[in-house]
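Full structure from sequences and hints, please.
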Amino acid sequence: MVASVSAREGPLQVRTTTADTSYIRQLEQATDPWSFVETLRGLRAAPSSEKWLVARDTRMPVLWLRGDGLTYAADTATVRAIRRGSIRLSRLTLRKPLERAPTTELRSGMELSWFAGYHASGQLSPQLSADVGYRVGRAPSFGLIRPLPSQLRVAASLASAAANLSEIVARAGVSAREAIRTLNALYACDLLGLAGPEDVAPIVAGVAEARGGLTKLLHSVCKHLGRAAG
Numbered sequence: 558m559v560a561s562v563s564a565r566e567g568p569l570q571v572r573t574t575t576a577d578t579s580y581i582r583q584l585e586q587a588t589d590p591w592s593f594v595e596t597l598r599g600l601r602a603a604p605s606s607e608k609w610l611v612a613r614d615t616r617m618p619v620l621w622l623r624g625d626g627l628t629y630a631a632d633t634a635t636v637r638a639i640r641r642g643s644i645r646l647s648r649l650t651l652r653k654p655l656e657r658a659p660t661t662e663l664r665s666g667m668e669l670s671w672f673a674g675y676h677a678s679g680q681l682s683p684q685l686s687a688d689v690g691y692r693v694g695r696a697p698s699f700g701l702i703r704p705l706p707s708q709l710r711v712a713a714s715l716a717s718a719a720a721n722l723s724e725i726v727a728r729a730g731v732s733a734r735e736a737i738r739t740l741n742a743l744y745a746c747d748l749l750g751l752a753g754p755e756d757v758a759p760i761v762a763g764v765a766e767a768r769g770g771l772t773k774l775l776h777s778v779c780k781h782l783g784r785a786a787g
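Everything in the sequence shown is counted per my numbering, starting at 558 for the first residue and increasing by one.
Rather than coming from a laboratory, the hints here were simulated on the basis of the structure.
The structure displayed is predicted, hence computed values, not measured ones.
Please note: incorrect hints may appear among the correct ones.
Unchecked claim - Here are the simulated distance ranges between beta carbons: (1) Asp688 / Thr661: 21 to 31 Å; (2) Arg613 / Asp688: 36 to 46 Å; (3) Thr661 / Gly730: 32 to 42 Å; (4) Ser723 / Arg652: 35 to 45 Å; (5) Ala718 / Lys608: 20 to 30 Å; (6) Ser732 / Leu701: 45 to 55 Å; (7) Gly679 / Gly599: 20 to 30 Å; (8) Asn721 / Lys608: 33 to 43 Å.
For glycine and all other residues, C-beta sits at the position ideal for the given N, C-alpha and C.
Here it is as structure tokens:
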């Protein structure tokens, strides 16, 4: 990267060359966008709530994560960046902390997983397929996530009946991009099930919950949001 200072007083001017841009793109392509999502899912599958991990970008700590993946801590600016998708979580590395345990507000790991999955990629997770029918087994913690109405419609459509990607787009009235990202978020939170003989076979081990109340709840929320928007 070439840095130059103008003759006039002013801040350092940084000029990015074509070679720099090419290198940055290669670096981004070499990073698995799903690494952080799968790390969180792995922690939940083999929980250890007695320890804390620190996620770092190079040497700087970005957030703290409990060993079971169910709780994390970060400052307000970092939380906002996670929700916006302006932090590339796949670039973070988890290490045993040298510092003390976090003293900031503790937050739900499901919130972290949701936005990690939603912003991971504009393509479906390698673990999902556009032609497979999926269903929501239980409701996400929407009070923590505060999802967009479009994301709620996708979740509501999958609570009522299993659907593949094209069916979700038609049923929820969302773009393919939004359907893909919301499916990724649901997957990251271990909330998706596969359509089967009983119309649900969980992707992860667990007991499927009754869906009548869930469907009514999600549709009620979507209806309320629709009225508010109007």
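Hints versus structure:
1. Asp688 / Thr661: 21 to 31 Å: Once the Cβ atoms are compared, 43 Å apart, the range 21 to 31 Å for threonine 661 and aspartate 688 is violated.
2. Arg613 / Asp688: 36 to 46 Å: 38 Å, holds
3. Thr661 / Gly730: 32 to 42 Å: Between threonine 661 and glycine 730, where Cβ atoms are some 39 Å apart, the hint holds.
4. Ser723 / Arg652: 35 to 45 Å: 42 Å, holds
5. Ala718 / Lys608: 20 to 30 Å: Cβ of alanine 718 to Cβ of lysine 608: about 41 Å, so the range 20 to 30 Å is violated.
6. Ser732 / Leu701: 45 to 55 Å: The hint (45 to 55 Å, Cβ to Cβ) is violated, given that serine 732 and leucine 701 are roughly 25 Å apart.
7. Gly679 / Gly599: 20 to 30 Å: Holds, at about 24 Å.
8. Asn721 / Lys608: 33 to 43 Å: 40 Å, holds
Hint violations for this structure: numbers 1, 5 and 6, all remaining hints satisfied.
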